[in-house]
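Colleague: Note that the protein sequences, when read in sequence, are chains D and X. Numbered according to the working numbering, the first sequence spans residues 198 to 497. Numbered according to the working numbering, the second sequence spans residues 45 to 276.
Keep in mind the hints are simulated off the structure, nothing from the lab. As the structure is a prediction and not an experimental result, all values here were calculated from the model. Where a beta carbon is used, it is the ideal one built from N, C-alpha and C, also for glycine. Hints are supplied without guarantee of correctness; some may be wrong.
[Unchecked claim] Short, incomplete list of chain D residues facing chain X, as computed with Cβ under 8 Å:
hint : residue
1    : W233
2    : V416
3    : I455
Spelled out from the first residue to the last, the chains are:
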Amino acid sequence: MSLEQHPRVWTVLSASRIGSVHVRDDLPLQDAVLTWSDGSQAVAAVADGHGHKAHFRSDIGSGLAVVSAVEELRRVVGTLSDPEEAGDTVTTAAAAIVDSWVTKVRHHIEANPYDVHDEREAAAVHDPLRPYGTTLLAAAVSGDLLVVLQIGDGDAVLVSDQGEAMRPLPEDPDLDGLHTSSLCEPQPLRALRTAVIDTRVEDVALAFLCTDGFGTSRVDAEGWWRQTGEQLVEFGRNRGLEWMREQLPQWLEEPAQIGGDDTSMVIIARSDLGAGAHERPFDPDRTDEVPTLADTLDRP
Amino acid sequence: MSDRLGGALARKPLHFIFVLDVSGSMMRGGRIQALNNAISEVLPHLKDEARANPHAEMLIRVLAFANEPRWVIEEPTPVDQIHWERLEAVPRGFTELGSALLTLTDALAHLDESSSAYPPAIILVSDGRPTQSSGTTFAEGLQALLNNRWGATAVRLALGVGRDADMHSLRRFIGDEDVPLLRADNPEQLVEYIVWASKAASKVASRPVVGGGGLTAAPPSPIGDPIWSTLG
Numbered sequence: 198m199s200l201e202q203h204p205r206v207w208t209v210l211s212a213s214r215i216g217s218v219h220v221r222d223d224l225p226l227q228d229a230v231l232t233w234s235d236g237s238q239a240v241a242a243v244a245d246g247h248g249h250k251a252h253f254r255s256d257i258g259s260g261l262a263v264v265s266a267v268e269e270l271r272r273v274v275g276t277l278s279d280p281e282e283a284g285d286t287v288t289t290a291a292a293a294i295v296d297s298w299v300t301k302v303r304h305h306i307e308a309n310p311y312d313v314h315d316e317r318e319a320a321a322v323h324d325p326l327r328p329y330g331t332t333l334l335a336a337a338v339s340g341d342l343l344v345v346l347q348i349g350d351g352d353a354v355l356v357s358d359q360g361e362a363m364r365p366l367p368e369d370p371d372l373d374g375l376h377t378s379s380l381c382e383p384q385p386l387r388a389l390r391t392a393v394i395d396t397r398v399e400d401v402a403l404a405f406l407c408t409d410g411f412g413t414s415r416v417d418a419e420g421w422w423r424q425t426g427e428q429l430v431e432f433g434r435n436r437g438l439e440w441m442r443e444q445l446p447q448w449l450e451e452p453a454q455i456g457g458d459d460t461s462m463v464i465i466a467r468s469d470l471g472a473g474a475h476e477r478p479f480d481p482d483r484t485d486e487v488p489t490l491a492d493t494l495d496r497p
Numbered sequence: 045m046s047d048r049l050g051g052a053l054a055r056k057p058l059h060f061i062f063v064l065d066v067s068g069s070m071m072r073g074g075r076i077q078a079l080n081n082a083i084s085e086v087l088p089h090l091k092d093e094a095r096a097n098p099h100a101e102m103l104i105r106v107l108a109f110a111n112e113p114r115w116v117i118e119e120p121t122p123v124d125q126i127h128w129e130r131l132e133a134v135p136r137g138f139t140e141l142g143s144a145l146l147t148l149t150d151a152l153a154h155l156d157e158s159s160s161a162y163p164p165a166i167i168l169v170s171d172g173r174p175t176q177s178s179g180t181t182f183a184e185g186l187q188a189l190l191n192n193r194w195g196a197t198a199v200r201l202a203l204g205v206g207r208d209a210d211m212h213s214l215r216r217f218i219g220d221e222d223v224p225l226l227r228a229d230n231p232e233q234l235v236e237y238i239v240w241a242s243k244a245a246s247k248v249a250s251r252p253v254v255g256g257g258g259l260t261a262a263p264p265s266p267i268g269d270p271i272w273s274t275l276g
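Just chain X, with the same shape it has in the complex:
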């Protein structure tokens, strides 16, 4: 008989999901390039976070949305196995965020029901006002997400891109007034904010208890010129 009491132990999965806006407006001012660069730059930081949190198995997924949601990385994938392929924005594509949240909710519904996972971390990046050409409103999508056990307990962060980002909707997505809502106005800010959000979300989500301390890391101060807001 093994001297280890209680049998084998396993790290709990921490599902980390990026929900990224690739609507037509992301083609303006190099936003989609900046978003690709930001995701490329955040991956090494997430690897560091994974190493620093041996109790959590960090698994990444990426959902892009414009006229419709599309899984870029659908299978939960360990961060060190991610090979980022650059996203393209959809010319004249809408911002079907409600539909994307429904797809996200469907994915969360398949998570383990036995509580053997940390609450997911979800980071939403968008530069526009949610549209509803698919028939699903943002409010409907958000309500579906919040009706899901994992969606309701998830650590939800959001980043606006440029002046036209609908900060009101992004705030409703976050839910918690104590959680900072940031708007990036240039590529450097987008990188800094995504790195900050990713590290903060992984730290909070991987606590053994829900809400164990909230976001304590202050967001980075704005840097550079607000070129996306002046471009509109």
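The following block holds chain D by itself, in its conformation from the complex:
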């Protein structure tokens, strides 16, 4: 039985939870998540709008980032077949995502100009992208090929059938726990990190992407992502993907409460991972609850 005759099918799960400090300070959810899947292909993006006061439209910035990423990656995901060419494809797509984000932000500014009588907004006139500052972490999978791209903080983790986790992306030397690279920088692609994974070579049962709110308050600061990966594969195998879909919002609730920051996660799992689990029949047409852009675009 060859892989070509039975292409891999992928299931995407996602959720976001607002951080307790955002609730305390009457701030919006500044994370955004967006996914798309047709089974053999899937695209997912998470973005973490910066919380600093200078980035006062970062909830919109993160929303525009995930829309840009999913749009551009959907354009190219069908071309992902040759691992040798996929590296260039994802780098080109990243540049298109940044261009798309900048264009969308400028459109939003045109529709919602900065108030020059407001001290904070007036300061943004000379650096108009800054209020929309956000990170971006995205992945696309087509059959056997998985690509990941990232600008800024957050975690991307691949997990094998045996539950062994690995981080596919190189470290960003500019991340120090206090500052992050951002789409609003003058040259965001300088901080771009990418990875191409051929799942015929690398055993990948699932991948997860999460904003930094999920990991920063862990007691095991070095190993939480390995444990998370091992657990997800175990849960998928024993409880099934539908159970994981139901649990995901609760899994994010505790770090969002205790850590205080918005917390988001996307899981891209091989659909056969939960095939042996005793669960309700999986509904492939069910879509995840994701923030709608309409909610953010009408806010200044």
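Place chain X on chain D using the hints.
Modeller: The following block gives chain X in isolation, referenced to the frame of chain D:
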């Protein structure tokens, strides 16, 4: 296997450090008594802040300084375990603020390097101009503090006491022009200002990101007569 994904979570520590002037001039006009009362009164407010911010583990330290710095509470201590013992001013004691900032910097250098803490909140209270009898100038002490990663990112607030407080130095300590610099001219004001500064600092410092909104709470309006300024 536990159903909790990712393992155990822990609250991040929020180090809250009072740096208090106990120089000889604090003996004038009941200033040291007022400072003791203010710290006693602020503790219940900090307990409330700790309860309102379950994501942060608030830990208190107190550094007093006159001729030399002295830790009054050296170990980071949960606010509900603080038993305040009244400070005494040092007769004819100088205002060795530079030396105190060096000691503070040494303490910050021992904080966790893994970013698993919030930026510290530091509240400085002083009624005079910094002296340098120990050989360390205020500028040297401040530069050392700002060269430290945690010192640079700390939420720094300062309160002047009475007319002789060196507001220029206190402003340099704060750094951010948007952060109010207050001068207390009577005991009631000192209490109100320390309570305000403590609550504002804990709120800003315990945000998940540095600079997440700045100080938004307006400081209290002056109350009572300016008795310390008329006393000099």
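Colleague: If a hint holds in the structure, say so; if it doesn't, say that too.
Modeller: Verification of the hints:
{"no.": "1", "hint": "W233", "verdict": "violated, 24 Å"}
{"no.": "2", "hint": "V416", "verdict": "holds, 4 Å"}
{"no.": "3", "hint": "I455", "verdict": "holds, 5 Å"}
Of the numbered hints given earlier, the model fails hint 1 alone.
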